[in-house]
Amino acid sequence: MLPLLPLLLYRRLSHTRSPHIMSLSTPAEQTQFGELLVKALPLVLECFPLPVDARLRAREVSRGWRALLNQPRFWLVLDFSAGSGVVARLTRALLFAAGERGRGHLHTLDLTGT
Amino acid sequence: MRTAHLAQFATAHGQSLRSVTAPEGLQFSADEVTRLCHSAPLCTLRCRVYCSAAEALPLLRCEAPCALLHVVKLEAGGFDNNEQTVLDLAAALPAHRGKIKGFIVYQASLENVAVADALMRGVAEAGVSDVSFNNCLLTPASVPGLAPASLPGLTQLLQSDCLERLSIFNRMQVLFEEGPDLTAFCHALRSSTLQKLELKSCQLWLRPAAAGELLAALLGHQTLQDLTLLDYKTDDARRAAGEQLASLFTHTSALQKLDLQFNSLGDACLAPIFDALPRANILKELIFSESWSNETISREFARDVILPAVRANMSLRRLSFVGLGFFKDPLPELLEAQAIVAARTQPDAGAIAAA
Numbered sequence: 229m230l231p232l233l234p235l236l237l238y239r240r241l242s243h244t245r246s247p248h249i250m251s252l253s254t255p256a257e258q259t260q261f262g263e264l265l266v267k268a269l270p271l272v273l274e275c276f277p278l279p280v281d282a283r284l285r286a287r288e289v290s291r292g293w294r295a296l297l298n299q300p301r302f303w304l305v306l307d308f309s310a311g312s313g314v315v316a317r318l319t320r321a322l323l324f325a326a327g328e329r330g331r332g333h334l335h336t337l338d339l340t341g342t
Numbered sequence: 009m010r011t012a013h014l015a016q017f018a019t020a021h022g023q024s025l026r027s028v029t030a031p032e033g034l035q036f037s038a039d040e041v042t043r044l045c046h047s048a049p050l051c052t053l054r055c056r057v058y059c060s061a062a063e064a065l066p067l068l069r070c071e072a073p074c075a076l077l078h079v080v081k082l083e084a085g086g087f088d089n090n091e092q093t094v095l096d097l098a099a100a101l102p103a104h105r106g107k108i109k110g111f112i113v114y115q116a117s118l119e120n121v122a123v124a125d126a127l128m129r130g131v132a133e134a135g136v137s138d139v140s141f142n143n144c145l146l147t148p149a150s151v152p153g154l155a156p157a158s159l160p161g162l163t164q165l166l167q168s169d170c171l172e173r174l175s176i177f178n179r180m181q182v183l184f185e186e187g188p189d190l191t192a193f194c195h196a197l198r199s200s201t202l203q204k205l206e207l208k209s210c211q212l213w214l215r216p217a218a219a220g221e222l223l224a225a226l227l228g229h230q231t232l233q234d235l236t237l238l239d240y241k242t243d244d245a246r247r248a249a250g251e252q253l254a255s256l257f258t259h260t261s262a263l264q265k266l267d268l269q270f271n272s273l274g275d276a277c278l279a280p281i282f283d284a285l286p287r288a289n290i291l292k293e294l295i296f297s298e299s300w301s302n303e304t305i306s307r308e309f310a311r312d313v314i315l316p317a318v319r320a321n322m323s324l325r326r327l328s329f330v331g332l333g334f335f336k337d338p339l340p341e342l343l344e345a346q347a348i349v350a351a352r353t354q355p356d357a358g359a360i361a362a363a
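Residue numbers (our numbering), protein chains in the order written: chain F, 229 to 342; chain V, 9 to 363.
Since the hints were made in silico from the structure, they are not lab data.
Treat each hint with caution, since some may be false.
Said to hold, decoys possible - Short, incomplete list of chain F residues facing chain V, as computed with Cβ under 10 Å:
id, residue
1, Ala295
2, Leu304
3, Glu328
Positions of the beta carbon are idealized from the N, C-alpha and C atoms, including for glycine.
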């Protein structure tokens, strides 16, 4: 269940009108909950990184996601190995797009699953 | 994904990269590896390399700029009958900093016993698990009556306990002859942890007694899953060869694949094999070649022996008569036998409709 957490969050936060957020009683509570998620999400993503292709797609969801995933710390490792969860076929464009996000910080490239 | 793409990537990100593991299907030449290591000087590169033996030496020794290179699989050729190159390669293999999993040698001069032994020892010391000798002539050229000299080296390799896959293509030279060397080899084979054995063009059936001793060593083998015996001519020993091969089904606990292409087996040899097939409950793949055999499978044999045996067997998932219909019209019975086995791996149409 835990490794699926970022994916669930990704799906949940991809919808702007989340029922959980809307069910909170006051706007202040909603704001606090939103801030908490914004603070917690990077930690969750660091502990349980999204697959590379999902990370690239998540950047297109909103400006918030783009700003978050523009941080180089999410692009230190490009893992395309068999257990990485990457479903897209590895192409030169995909590899270079992911590499561009981590320019100057990219540390590890694993292509064993391709 | 091609090697050129990875080289471009390394050029773009070489300063920060510390670890690159290339796809297993991608082969790098020595030049490409050197350029890649030059672009990313602090990066550990794990990859498969295909080059001449002379080019492989600096890579195995991790000479600059390849100080952090890890050759996962090495395919080396271009020995040019130079025994010193083989000796140098043998010495460089265990010295490599990373673990070499696969080692394929093409056309190395291994007629000299000392050279062959040195290479086997190097391979064993390096702990290589997947070894292939292609066109290496693992037999002294013309020493009638003497035991083939390569066997002690191969025995040593088997005894190293790291070997999982062994493949030999021996340019139609006899590799196995009766004698103490073969007995020692068979003993090592019996107690080895080999999972895959390929003996191609080793003239196995020219020495029926030696073939028998070898196959007897495989009976009851605990780990062998994949056996390929690719050879020509069984002549007088056909029935005996068939019985020995058939006993592998019933006495070997792990054998899942048996490849008998190009063996010219014929009905006489195939009869014991298909008699035993219903009792083979682990075997998943069985491969023959039909069109190459001088004495092809008769229609009666296909109808009365092959088809009932295939129907009675429940474990097979692939049955192939390679080249069926290539030179003449295929026997419908053989096509049906292939179809029966193929149907076992097809999704059930009824189940799909119900879902």
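Checklist entry - Are there hints from earlier that the structure breaks, and if so, what are their numbers? => result 1
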